[in-house]
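Chains as they are written, first to last, in my numbering: chain A, 1 to 321; chain B, 1 to 381; chain C, 1 to 393; chain D, 1 to 236; chain E, 1 to 309.
One should not assume that every hint holds.
DSS-like cross-link-like pairs, simulated, lysine-lysine; straight-line CA separation at most 27 angstroms [stated by the list, open to error]: (1) E:81 <-> B:262; (2) D:68 <-> A:106; (3) D:155 <-> D:108; (4) C:379 <-> C:206; (5) B:196 <-> C:365; (6) B:28 <-> B:14; (7) E:238 <-> D:224; (8) E:263 <-> D:215; (9) A:107 <-> B:14; (10) A:106 <-> B:14; (11) D:108 <-> D:77; (12) C:279 <-> A:155; (13) A:107 <-> D:68; (14) A:106 <-> D:77; (15) C:365 <-> C:206; (16) D:130 <-> D:108; (17) C:393 <-> C:365; (18) C:393 <-> C:74; (19) E:81 <-> D:215; (20) D:130 <-> E:28; (21) B:262 <-> E:124; (22) C:393 <-> C:186.
For the record, the hints were derived by calculation from the structure and aren't laboratory data.
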Amino acid sequence: MDFTSLIDNLGSHTVDGLTKGAIYALVALGYTLVYGVLRLINFAHSEVFMVGTWTVFGVYAVFNATAASGVGTVILATSVALIAATLASAGTALAVERIAYRPLRKKNAPPLIFLITAIGCSLVLVELFGHVFRQFFGPPFGRALVSIPTLIDTKVLFTVGGVSITNIQLIVIFGAVLMMVLLDLFVNYSRLGRGVRAVAQDPDTAALMGVNQDRVIMLVFVLGGAMAGVAAMLYTLRYDITKFDIGFLIGVKAFTAAVLGGIGNLRGALVGGLLLGVVEVYSSTLFSSNWEDVTAFVVLIAVLMFRPTGILGESLGKARA
Amino acid sequence: MSTTLLDRYATARKALADNWANGPIWVKLPIVLALISFCFYLPYLNILPFAQIRTDLGAGGTDWSSVLFLIVIYMIAAVGLNVVIGLAGLLDLGYVGFYALGAYSVALFGSPSSPVTEAIARKFDLSEGWAVPFAACIPIAIAFALVAGVILGAPTLRLRGDYLAIVTMGFGEIIRIILRNSEFTGGPSGVIGIPKPPGPEQDGRDYFNSLDVHRWYWLALIVLILLMFAVRRLEHSRVGRSWLAIREDEDAAAIMGVPAFKFKLWAFAIGAALGAIAGLLFASKQGVVEPNGFRLNLSFLFVAMVVIGGSGNMVGVLIGAFLITYLPERFRGFEQWRPFAFGVALVAVMVLRPQGLVPNRRRAKEFEDRRHEAKEAAADV
Amino acid sequence: MYSLDQQEVIVLRRSTRFGFSAVALALAVSASACGTTDENGGGDDGDCAATIGIMGALSGSNASIVIPSVNGAKMALTEWSAENEDCDIKLQEFDTEGDPAKATPAATQMATNEDFLGVIGGAFSGETRATKGIFDDAGLTMISQSATATDLTLEDPASVFHRVIGYDDVQGVAIANYLREVLQAKKIFVVDDSTAYGEPLANTVKTELGDLVADSDKTQEGQTDFAAVVSKVEAAAPDAVFYAGYAAEAGPFLKQLRDAGVEEPFVGGDGLYGADFPKAAGAASEGAIVTCPCLPAEEAGGTFAADYEAEYGEAPGAYAAEGYDAMNIFLAAFADGARDREAVEKFVDAYEGQGLTKTYKFDEKGDVAEENVVIWAYKVTDGALVADQEVPK
Amino acid sequence: MLLQLEDVVLTYGKIEALHGLSLEVAEGEVVALIGANGAGKTSTMRAISGIRGLSSGRIVFDGVDITKRRADQRMRKGLCLVPEGRGVFPGMSVRENLDMGAYTRRDKAAVAKDFERVFDLFPRLSERRKQTAGTLSGGEQQMLAIGRALMSRPKLLLLDEPSMGLAPMLIQQIFTIIAEIAHQGTTILVVEQNAQQALSRADRAYVLETGQIVKTGPGQELLKDPSIREAYLGVA
Amino acid sequence: MSELSLEKQTNATPDDEVVLEVDQVTLKFGGVVALNGVDFHIRRGEILGLIGPNGAGKTTCFNAMTGVYAPTSGNIRFLGKQVSGRQSHQITRMGIARTFQNIRLFPEMSALENVLVGCDARHKTSVLGALFRAYRVRPKPEELPEITGTGLTRAQSRLRRATAKVFGVSRHTLEERAGRKKAMELLRFVGIADRANDLARNLPYGYQRRLEIARAMATEPQLLCLDEPAAGFNPAEKESLMALIRRIRDRGLTVLLIEHDMKLVMGVTDRIVVLEFGQKIAEGLPSEVASNPKVIAAYLGEPDDAASA
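Turn these sequences into a full structure, and let the hints steer you where they fit.
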């Protein structure tokens with residue numbers, strides 16, 4: 001137990017935690033959106049994120065962008081990477097829906113079946129990058145960790161009350177919050193977003209109002225996938241790595257964050273993600289990093305004991321209420 | 001009607017199941033006995049073409065009896081998880097935690113070199129190399145699992161399905177991490193010197209030794225059969241009926257006088273105990289345990305065994321456990337392609353046959369009806 | 001609509017038919033049980049034939065640490081077979097995925113098949129711990145290329161077990177010496193990854209360093225965010241950081257360390273040895289030190305490194321040379337006329353000779369004599385591990 | 001005929017809820033469908049609106065066979081159901097609920113006009129347009145549900161038990177509004193348990209019993225039918 | 001109809017003992033008041049009708065009585081014991097059973113099994129008891145296995161009987177056997193024994209309604225609450241249901257009946273309580289209630305002037 005270390009650097013630990021949690025939060029949105037509308041846990045979402053990180057890596061390789069590249073290349077490469085990762089993740093999410101979920105939805109299968117299918121999908125995606133692609137394209141595909149070039153060097157931007165904030169931390173937190181706000185605005189104020197909420201609240205009545213449920217479900221997967229894509233971009237900026245199985249742990253944590261905040265609730269995902277990130281960094285400081293997962297799950301269980309539907313309660317539809 | 005292979009399988013399976021259900025006892029009993037004897041004979045199976053199912057034929061193949069043993073261990077675990085998922089309808093993603101508890105119970109109490117026995121021996125001034133005998137480890141393991149099942153279940157069983165899933169998953173991880181990080185469990189290296197079941201000495205070796213693995217397999221098989229018999233008893237009593245009623249409509253069941261919470265807790269505890277027995281046998285045969293052997297994906301694997309086979313149906317669950325353990329061993333030649341193939345197979349089986357390969361009768365009907373309803377509901381152009 | 005009676009009759013008739021066919025099947029099965037048996041495995045019993053097993057994680061996320069040693073062993077066999085064409089020695093691979101539960105069936109397979117005269121492996125300590133007893137019971141000699149856990153030989157020795165590398169304690173002492181004497185560090189921060197490899201290694205290093213340890217921390221496998229560890233390192237302001245763990249975590253850790261402005265020397269154990277670590281850490285790995293109880297290929301002399309690269313298209317990875325050496329010891333036994341397990345065991349126990357990486361002579365517990373263990377420090381230079389100096393033991 | 005149901009059979013699993021139901025609604029009519037609980041009234045509405053598919057039979061709307069259309073497609077054709085228990089979106093504001101009614105419409109100007117119309121019909125909703133629908137009282141929710149349906153400019157408005165759980169005064173009010181809507185030219189099919197109200201307001205009525213039509217006729221006539229009076233009005 | 005009421009008067013001499021007391025019960029959901037100071041009681045052996053328009057709070061009242069909701073204020077007492085605060089299954093064991101308005105059977109269980117779940121409420125076998133079946137009892141003569149009609153040969157049955165006599169029978173087996181017997185008897189009582197082995201979901205609608213009643217009766221209640229048991233019935237089915245309700249009362253059960261069909265309510269109940277908008281607006285003999293102007297206004301429909309309003 002290292003209380004002094006935690007208290008002394010509380011500010012910077014909090015910022016570290018928020019940075020970590022911001023990525024959880026973005027990934028958690030995917031779980032929450034799908035759960036809010038379909039009431040099922042899309043366990044393959046973690047791999048949607050993983051595909052995003054590889055896409056960033058691929059774009060950098062195409063632009064031959066490295067730490068030494070000029071400002072122009074860096075800006076171009078990162079913006080293309082952001083768009084490509086968003087598209088790739090959204091596309092992967094959509095493909096999972098079409099190939100694995102839709103046939104089951106048409107058969108009205110119980111949730112447990114979706115879970116197993118999702119685990120199967122995860123495995124397929126993981127193995128694509130971990131093995132299959134390697135057979136065809138060789139390295140860097142495979143099981144080793146892949147380092148992604150650092151295009152933006154970490155610099156301390158400013159220091160507030162002894163807490164120095166780096167450019168990367170700022171980009172990650174700001175980017176995640178921005179995406180959150182955009183998604184929140186979209187869901188709450190656009191016509192399509194209203195359709196999403198309507199299906200989440202009452203699918204039958206939504207259909208009576210002329211909402212095409214299949215299209216809304218596709219939209220939800222695309223939105224969730226896109227958020228995971230952005231998360232992947234921010235992740236690569238912060239950690240500069242990817243790996244075939246990188247999604248698993250983040251997926252578990254993001255899902256935990258979604259439940260913590262109240263699965264189905266967009267703002268809950270943000271709250272849950274940030275809280276989880278901060279809790280993990282605090283606990284890593286107090287004990288050591290090998291206890292952080294225990295802390296995360298204990299916090300989750302404790303929260304669920306007192307608030308069985310998470311901090312903000314569930315329901316995509318009631319996001320505003 | 002297009003008679004695809006799948007349809008034909010479904011028809012044939014149903015005909016067989018119906019025949020079986022209606023078969024007289026004088027037919028069923030010899031068949032069951034013959035099947036059981038066949039299972040005992042399996043390690044010696046050596047006549048082509050039947051012997052093709054052995055896993056040790058090709059290059060790089062592995063010992064047939066050892067694979068059989070592992071299959072039966074996973075079958076025990078799957079039968080236990082089936083009580084939780086298939087009978088009581090609770091999604092448990094942390095089942096590996098109980099499996100680990102069983103393994104560590106026998107390791108920590110039974111091994112003379114474990115930190116726990118050493119501490120006890122020091123405290124009570126016992127002789128060097130003292131340890132709890134194997135037989136006494138069994139009740140310890142079961143008790144630990146029961147307690148853990150209740151500790152996990154009591155506060156969390158009131159949660160709704162998906163929340164229960166994540167909480168159990170967290171619980172499984174918590175157990176593994178505690179085992180890994182703690183001094184008293186031997187840390188990441190685990191525990192060695194786990195005791196083996198006692199038995200008469202043969203050819204100068206212990207009865208249960210590392211080379212005559214078929215004896216381990218027989219032992220596990222006997223345990224499996226006993227446990228199946230026990231679970232069957234529960235399933236066909238008021239307990240099974242209550243589980244089923246809870247699964248179908250918990251409120252209505254409660255109003256009919258079923259103490260839903262109590263029975264759910266029992267399901268959890270029984271599942272945990274079976275998982276622990278599987279873990280205990282595994283650890284005893286293995287001789288060593290380490291926390292890495294109890295990762296989350298083993299939990300997913302257990303769930304997949306139950307669901308692929310057809311949750312709620314004992315035979316289905318056995319087949320699920322068999323396929324998932326056996327196929328990767330049999331087709332070791334594919335090496336690196338195995339996980340990918342497994343993923344594809346998982347998706348394919350679930351999409352084509354969501355009720356599982358050998359579904360429970362009721363479940364099969366339910367699926368048929370659900371599909372029927374879905375067809376009606378989706379009045380697509 | 002049938003009447004009830006009719007229905008019952010039909011059911012009965014059907015079930016009777018079913019019954020008979022089922023009984024017939026059962027009879028057939030039990031009859032076949034008494035039938036002939038067919039000897040499997042076979043293998044020609046010619047004078048000059050044997051099989052050596054090699055087991056380890058050939059698939060799964062840890063395969064990259066194991067496959068080079070398999071390749072090394074294969075090379076040794078190819079070279080030997082070219083000179084002994086009339087002999088049929090096979091190298092049989094067994095994939096364990098690094099999982100002890102999957103390793104035992106493979107081990108039992110080798111142990112119970114008399115064709116196997118030796119085993120190279122296990123590659124990891126966990127699977128070795130789980131299978132050692134099996135091989136011991138069968139009297140099948142093991143030579144591990146990379147299992148370094150101390151307890152394998154010191155606490156729980158098995159007569160058939162040997163290894164061609166120094167164990168963790170030896171390495172730990174050497175690392176402590178390196179930190180203290182070569183780097184002249186006065187304050188050292190020790191981090192381990194809570195694995196069966198990292199934790200004991202870090203513990204040895206900590207014990208050796210004593211007061212010089214400024215602070216220590218633990219991470220875990222799969223971790224990517226090291227913010228908390230980094231700030232602890234910052235707070236401790238050490239002269240050097242030692243990391244006991246694998247490349248997948250060391251990469252991002254080192255990167256985040258450097259990002260935070262910690263520029264002190266970074267030292268890792270043999271878990272980081274191989275091409276993965278510089279790749280994983282990228283530019284941040286420049287100048288990092290990796291120790292390994294393995295002789296640099298160029299020091300080993302001969303053409304091993306070049307041959308390996310020609311054969312497999314990449315520089316020899318971790319333990320490639322150890323795999324080569326282990327195989328050569330078995331081949332030497334065979335050349336010496338050992339044709340059964342007992343003879344092989346006897347030969348290996350008494351073996352003395354110069355291998356690629358060191359001079360071999362096993363002590364009674366199966367370890368290479370401590371004076372023959374060499375530990376080298378490698379420095380990451382331009383994204384590759386370059387031998388820097390031998391570490392004083 | 002605006003709407004025709006021919007031999008409609010609807011099943012839940014293996015239970016038939018409707019067996020061979022036929023009815024029709026002409027343009028401009030107010031048709032009531034009465035029957036006891038469980039007689040199949042709600043199932044009929046679900047079949048017409050497309051929430052449930054049919055096992056057999058045919059539904060023709062505005063000259064087009066819509067049997068195989070999804071609910072949202074039927075809605076686009078001008079068929080809008082106010083479901084039993086109102087089915088407002090509880091998490092959305094009044095305004096958003098009304099927006100949902102106009103979900104399929106792109107003509108913004110006309111939609112704006114319809115807002116005015118709905119707020120004219122239901123001044124209470126106008127006062128509460130920012131309030132979340134879940135916090136409205138039962139009567140207000142019913143008004144909102146009807147108003148929302150009107151936002152889609154339906155050719156045929158289906159009302160499933162609009163009086164359910166409402167105080168007598170409110171029931172009066174709701175039926176007055178329904179009469180007003182009909183007066184403005186919308187065709188209405190209403191399912192009602194309050195047979196008195198329904199029959200007295202309807203041009204025609206069908207009596208539904210165990211999934212089949214057992215009687216039909218002008219509302220006032222059925223109101224006087226002794227067997228109806230006994231069974232549904234409780235007056236011997 | 002007059003005939004029916006005659007029979008009722010002769011038959012129903014309600015004890016004065018109050019079985020259930022609903023005392024000023026108020027129930028709020030958020031801001032919505034579902035029940036507002038509802039107050040009535042049921043005496044042993046009577047058939048009490050609870051009527052009111054849809055949404056008036058009848059089912060909510062049932063739910064409060066069976067432990068699904070806890071009242072916000074007020075008390076519900078059964079045989080003098082507090083009901084609120086207990087869990088549903090405990091209330092069932094106290095002796096209150098109910099059916100559901102929208103049938104809630106266990107659809108994938110057979111009719112017999114559905115009733116058996118109800119029987120289990122009175123069974124004592126625990127989980128361990130079912131597992132080990134070690135608690136053995138000596139069966140009474142009438143509890144011995146039957147010789148005929150068991151599907152076994154006579155010799156087998158005799159053997160079974162003999163072993164039961166000598167070694168006793170586990171309590172589990174005994175209970176299971178008794179449960180089956182009781183369940184079959186109840187199925188016969190409600191008139192659906194011919195489909196005992198069909199899955200509940202495959203039963204015709206009327207059978208499902210009756211099965212619900214049989215299942216509720218299997219818990220051996222003193223008070224049976226029926227929630228719209230005649231919904232969806234045609235007149236002939238309603239007639240036979242009325243007869244069934246009377247026979248249930250004749251078995252000594254007290255019945256609380258929610259029903260819309262006035263003919264049925266008038267025909268079978270001894271007393272009627274009318275709810276509207278969560279409040280009790282009338283209580284009394286059927287004839288009194290039918291002529292109560294408040295009731296007519298709220299429920300039976302306004303006089304003809306409504307059309308002109």
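To see whether the hints hold, each was checked on the structure:
Note on residue 81 (chain E) and residue 262 (chain B): the hinted pairing holds, with a Cα-Cα distance of about 23 angstroms set against a maximum of 27 angstroms. Our distance criterion of 27 angstroms between C-alpha atoms is met by residue 68 (chain D) and residue 106 (chain A), whose separation comes to about 15 angstroms. Our distance criterion of 27 angstroms between C-alpha atoms is met by residue 155 (chain D) and residue 108 (chain D), whose separation comes to about 19 angstroms. A threshold of 27 angstroms between alpha carbons decides the hint, and for residue 379 (chain C) with residue 206 (chain C) the separation of about 22 angstroms falls inside it, so the pair holds.
For the proposed pair residue 196 (chain B) and residue 365 (chain C), the alpha carbon gap of about 25 angstroms is at most 27 angstroms, so the pair holds. For a cut-off of 27 angstroms, the pair hint linking residue 28 (chain B) to residue 14 (chain B) stands: about 17 angstroms separates their Cα positions. Taking the CA atoms of residue 238 (chain E) and residue 224 (chain D), the gap is near 23 angstroms; set against the 27 angstroms cutoff, the hint holds. Under the criterion of a C-alpha separation no larger than 27 angstroms, the hint pairing residue 263 (chain E) with residue 215 (chain D) is consistent with the structure, at around 19 angstroms.
Note on residue 107 (chain A) and residue 14 (chain B): the hinted pairing holds, with a Cα-Cα distance of about 20 angstroms set against a maximum of 27 angstroms. A C-alpha spacing of about 23 angstroms is found between residue 106 (chain A) and residue 14 (chain B), which places the hinted pair at or below 27 angstroms, so the restraint holds. The hinted pair formed by residue 108 (chain D) and residue 77 (chain D) meets the criterion: a straight-line CA distance of about 18 angstroms does not exceed 27 angstroms. Taking the CA atoms of residue 279 (chain C) and residue 155 (chain A), the gap is near 23 angstroms; set against the 27 angstroms cutoff, the hint holds.
About 18 angstroms separates the Cα atoms of residue 107 (chain A) and residue 68 (chain D), which keeps this hinted pair within 27 angstroms; it holds. Proposed proximity of residue 106 (chain A) and residue 77 (chain D) is supported: the alpha carbons are some 24 angstroms apart, at most 27 angstroms. Restraint check for residue 365 (chain C) and residue 206 (chain C): the C-alpha separation of about 25 angstroms stays at or below 27 angstroms, so the hint holds. Pair hint residue 130 (chain D) plus residue 108 (chain D) holds up; C-alpha atoms about 20 angstroms apart against a cutoff of 27 angstroms.
For the hint pairing residue 393 (chain C) with residue 365 (chain C), the CA-to-CA distance comes to about 20 angstroms; that is within 27 angstroms, so the pair holds. A hinted pair counts as satisfied when its Cα atoms are at most 27 angstroms apart, and residue 393 (chain C) with residue 74 (chain C) does not qualify at roughly 31 angstroms. For a cut-off of 27 angstroms, the pair hint linking residue 81 (chain E) to residue 215 (chain D) is broken: about 50 angstroms separates their Cα positions. Taken as a hint, the residue 130 (chain D) and residue 28 (chain E) pair is honoured in the structure, with Cα atoms around 24 angstroms apart against an allowance of 27 angstroms.
A threshold of 27 angstroms between alpha carbons decides the hint, and for residue 262 (chain B) with residue 124 (chain E) the separation of about 14 angstroms falls inside it, so the pair holds. Pair hint residue 393 (chain C) plus residue 186 (chain C) holds up; C-alpha atoms about 19 angstroms apart against a cutoff of 27 angstroms.
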